[in-house]
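Take the given structure of chain A and dock chains B and C to it, following the hints.
Chains as they are written, first to last, in the working numbering: chain A, 1 to 412; chain B, 413 to 824; chain C, 825 to 1236.
Simulated from the structure, these hints should not be mistaken for lab results.
What you are looking at is a predicted structure, and each value in this text was computed from that prediction instead of being measured.
Careful, some of the hints might be misleading.
One-sided and incomplete, this derived list gives chain C residues near chain B with beta-carbon spacing under 8 Å [stated by the list, open to error]:
| id | residue |
| --- | --- |
| 1 | 836 |
| 2 | 868 |
| 3 | 973 |
The beta-carbon is built from N, C-alpha and C at its ideal position, and this holds for glycine as well.
One-letter residues, chain by chain:
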Amino acid sequence: MASTYRNFLTSVPWLILCLEAVCMVLFFFLGFDISPLIPYPAFQDVNHMMVFGFGFFLTFLKRYGFSSTGFNLLIIAVGVQCSVLVEALLHFLIGGSSWFDDSLKRITQASVSMTSVVISTGVILGRANPLQLILMTVVEIIFFHISRCINTLYLEVPYSNSLMHVHLFGAYFGLAVSSQFPEPSPRAEKSSSTPKSDLFSMLGTLFLWVFWPSFNSVLFSNYRQTAIYNTYFALAVSAVTAFVLSVLTTKDGKFRMTDIHSAALAGGVAVGYAMGSIQHPWIAMILGLLASVIAILGSSCLQRCLNPALKIHDATGVHFTFGLPAVLGGLAHLLLVGIEGWINISRYINSSYLGSLVMTHLGAICQTISVALVTGFITGLILNLRPFKTTPVSKYFDDQFYWEFPHLAVGF
Amino acid sequence: MASTYRNFLTSVPWLILCLEAVCMVLFFFLGFDISPLIPYPAFQDVNHMMVFGFGFFLTFLKRYGFSSTGFNLLIIAVGVQCSVLVEALLHFLIGGSSWFDDSLKRITQASVSMTSVVISTGVILGRANPLQLILMTVVEIIFFHISRCINTLYLEVPYSNSLMHVHLFGAYFGLAVSSQFPEPSPRAEKSSSTPKSDLFSMLGTLFLWVFWPSFNSVLFSNYRQTAIYNTYFALAVSAVTAFVLSVLTTKDGKFRMTDIHSAALAGGVAVGYAMGSIQHPWIAMILGLLASVIAILGSSCLQRCLNPALKIHDATGVHFTFGLPAVLGGLAHLLLVGIEGWINISRYINSSYLGSLVMTHLGAICQTISVALVTGFITGLILNLRPFKTTPVSKYFDDQFYWEFPHLAVGF
Amino acid sequence: MASTYRNFLTSVPWLILCLEAVCMVLFFFLGFDISPLIPYPAFQDVNHMMVFGFGFFLTFLKRYGFSSTGFNLLIIAVGVQCSVLVEALLHFLIGGSSWFDDSLKRITQASVSMTSVVISTGVILGRANPLQLILMTVVEIIFFHISRCINTLYLEVPYSNSLMHVHLFGAYFGLAVSSQFPEPSPRAEKSSSTPKSDLFSMLGTLFLWVFWPSFNSVLFSNYRQTAIYNTYFALAVSAVTAFVLSVLTTKDGKFRMTDIHSAALAGGVAVGYAMGSIQHPWIAMILGLLASVIAILGSSCLQRCLNPALKIHDATGVHFTFGLPAVLGGLAHLLLVGIEGWINISRYINSSYLGSLVMTHLGAICQTISVALVTGFITGLILNLRPFKTTPVSKYFDDQFYWEFPHLAVGF
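Okay, chain A solo, but in the shape it has when bound (with noise of 0.2 Å):
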């Protein structure tokens, strides 16, 4: 262990100080374009939302308060960097114009792709090291905006709306990489969570809660308006089902503090494809109903049974939370799509058509998953090479294998 560990001391730094040189030669060719797009508070709202609400949304561990928001800053400085530069990167390669006309936009840009890593770090949330972390951060990105260029330019998604891929692919990407991780040994007593911890969390959930809307409006200055009230609604929807189903899944009717973080997000979640094309709020509001209803009787019921036989563990509900709101989301649209498609049939288009439009939505949702799992499950495998796996299983879920604890009373 002492020359794993003297392994992991002399790595870590190396490494990123490797990748922020390279970062800083690689920025030499970008320069300031400055004609804001986006107006500076929605992206601060944007950026907020990730350093400080998913840093706080991941605080539920007992242990892990230090690394749940220290690493999630550490990944969200390394990824914001490489995501500018792989967009950069492939925009230069396939030569788009207009992509790239503001700075600020591509910043924006950034934060909302590095979503998909916040989400996947959640699934592997205390048992990943930061080598591990900070390398999966590199490939999922990389990976992320490949498969948003298939989408552009082969399945001729929208560029702004192949970004509401995120939870799709973070999801996925995680949990496949997760199948790659050693089991935590199942009665850790780390891994479970305080009431303190809980309502550390509970800050950040309601963080993101309120940020929802400008998180899904940012990048369509066409219908911003439209995309903040229905999202807005789906939340509330979303957060009220979120109590009723707590209640009646549990064995003595009590609510569920994690069911109420996982579920609340939920309907944002899933009304994040279809909220340009919805126009009236009630169609939000049962969209953000089933969110919730997947994603409650999802970490009730299929987690009991599924991730078991899967051999997956999913420390944050992820899967229920990010993955099936977005699969949902993503047919919801497809609905949508058809239905708009079916009225205007006569008028405007044939019906052949409306069949490619609705089988290439399905198509982006599909290639978005199956490369997530793919990829993930490569990453996975990468990860646990013997040169990246220095934590030992005993020491999950634990800050004090990572940080400095010069305290007196650890009790945290």
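Same frame as chain A, now just chains B and C:
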């Protein structure tokens, strides 16, 4: 108790579901009108205040952090939907035309209206179960909008100004409801706070303090700047005075955290009515000073004499944080309108018009308080009928009665 | 002690009240000029940073959470009013005309100026009583504005740029004041942190990190976009480097939380001077890297050698978080101005003008540091005169000396 509890178990989710179903059906009649009169960041600030600020403002109870933040989210998610619908219904019945021209304005007005419910919740914090809270939310929102309509139609209060009665209505409605609830045993160990829970409450207070200028200014497009400056300075003086008076009123000359929490906000409440007619910041500052004096002297003197006599238990000190400062603000507004009118008396207006102006303002305040007290009293009676009254007094202020606690250590 | 304390009890509230009375009277001469040059959301971000971000940034001490957040609110509420008045007075004496054209700009400038006081507070955190803090606030704000005026009038620093000296002034003023305070006993158990208090401090740090681009850009209408991008990338690199160096400098290769707190912000401080003249993000990134290196090497090496020799106790590591990075930023700005001038030397400017430009910039930095040190030293002497020095060394870092603790369990 078991059967009562089963009653609770079966009733809460179905009540909420029915409510949601009604909401969704009614929302069918509401479309989107997209002409943003309210800047999105301002709406976001108000939303943030309601969900996050008030949620954590109420976490000062030792073992009630989950319920404070969780039920606050539930109430707001339910209440905003109801409020939008009630306002649309009243608008439809009365037939005003220019009220409802922006969807974002609609949600913002609903959020601001919800302040009254959240304030009322503060009075009965820890004593009401979720069923009672949701019933109270629906009933209070309806009565608040009716009271507003009376003010607007018969007392000629400008429409936007009428929303500034939220604090007044919320505080007195809550106190009237509270008078019907059984009192907790006076030496209930659970109704106290810990340094940590007080710090969480400070977190919420600082949020409210920072965003109060947004709250006061969000609905006033014509004098937004003035509202912001006046509120900011009133809050600053109010916070400073809170420290001064806290030292002077405690036995050994120390600061009292609860004083800081309540008095720092009193200035923002007091300036809410008059902010449009204040032309110099020093007037706002004096208002902030007086509001803080009332809040602290109220909590240290009156609470000891008045509340036991009237048998009112006011968990958060709502009467002195929101009730009395709002009365002060209303009277100050009256005075300023009177003085301004008296100066211009010869030029624009005659003396009888001035008299009627002052009387209608006074009438609006009295009308709001009376409606709040009467409807609150009735609501309190209904909420304490057999089917709704499920929480035994010994389980007051206790998260574990409502929430699953899988945690090993429950020392909050 | 009893009599000293009575002295304290009687003096604090009256001092604050007198100050408030003076403020209110003087505010009589200030009207409102409503022409918003500063967007309200940007002001709100700065306000949020000051009240909430710095408040919680300073909560890392085990038993000093109430005082950290509470006194921070008190200082800002008092200081902003003083700052507005001092600036108005100086403006009146000197007679510039275009300075004061917007009320919101006035409050924003006052908030930004208050950063210097909040930074100084960080140095003597836990050792100064509220009386000393308020005196220091008033004195420091006056001297800071005088130093700014010297810079603007005699050294031709642009007016907005002169506000970026806040970090420099605050850090060295605080250190000079601190040198006059008695040192706490080295193994004071109370001056340490707990995991929970470190997490609260992380909460504040993340707030500061997220809002720093707003802070740096709020006063620069002509190159706001550039300031935002440069600050964002400097902060990102700075955060990443903090993790790298934290591992390299600790004994067993773990991360140290205090390093992350201070180094993550150093990048934003360093880029403050030069952000307008940086044309490529990679320059900002290198500045962020260097700032982080200075902050961490400073705290791990210099603090051990330098501070005991100079008998300075720096509770928050302000010297390395704000002081040295600000010096670095100033020198980098100098270099960039020099290089840019040298490139254009034949075309627009001659060599002697370039020399004088560089010398005035250098002069401004030296002037700020000297004024800060001298006035800080004198202020420290005055604050430790008999009537103000009421806190015994054994009661340092202890909330219970200042706050009522009705809580049964006081284990913070």
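Each hint tested on the structure:
1. 836: Given a least distance of 6 Å, the restraint on residue 836 of chain C holds.
2. 868: At 7 Å from the nearest chain B Cβ, residue 868 of chain C passes the 8 Å test, so the hint holds.
3. 973: Residue 973 of chain C check fails; min Cβ-Cβ to chain B is 24 Å, beyond 8 Å.
When the structure is compared with the earlier hints, a violation turns up for hint 3 alone.
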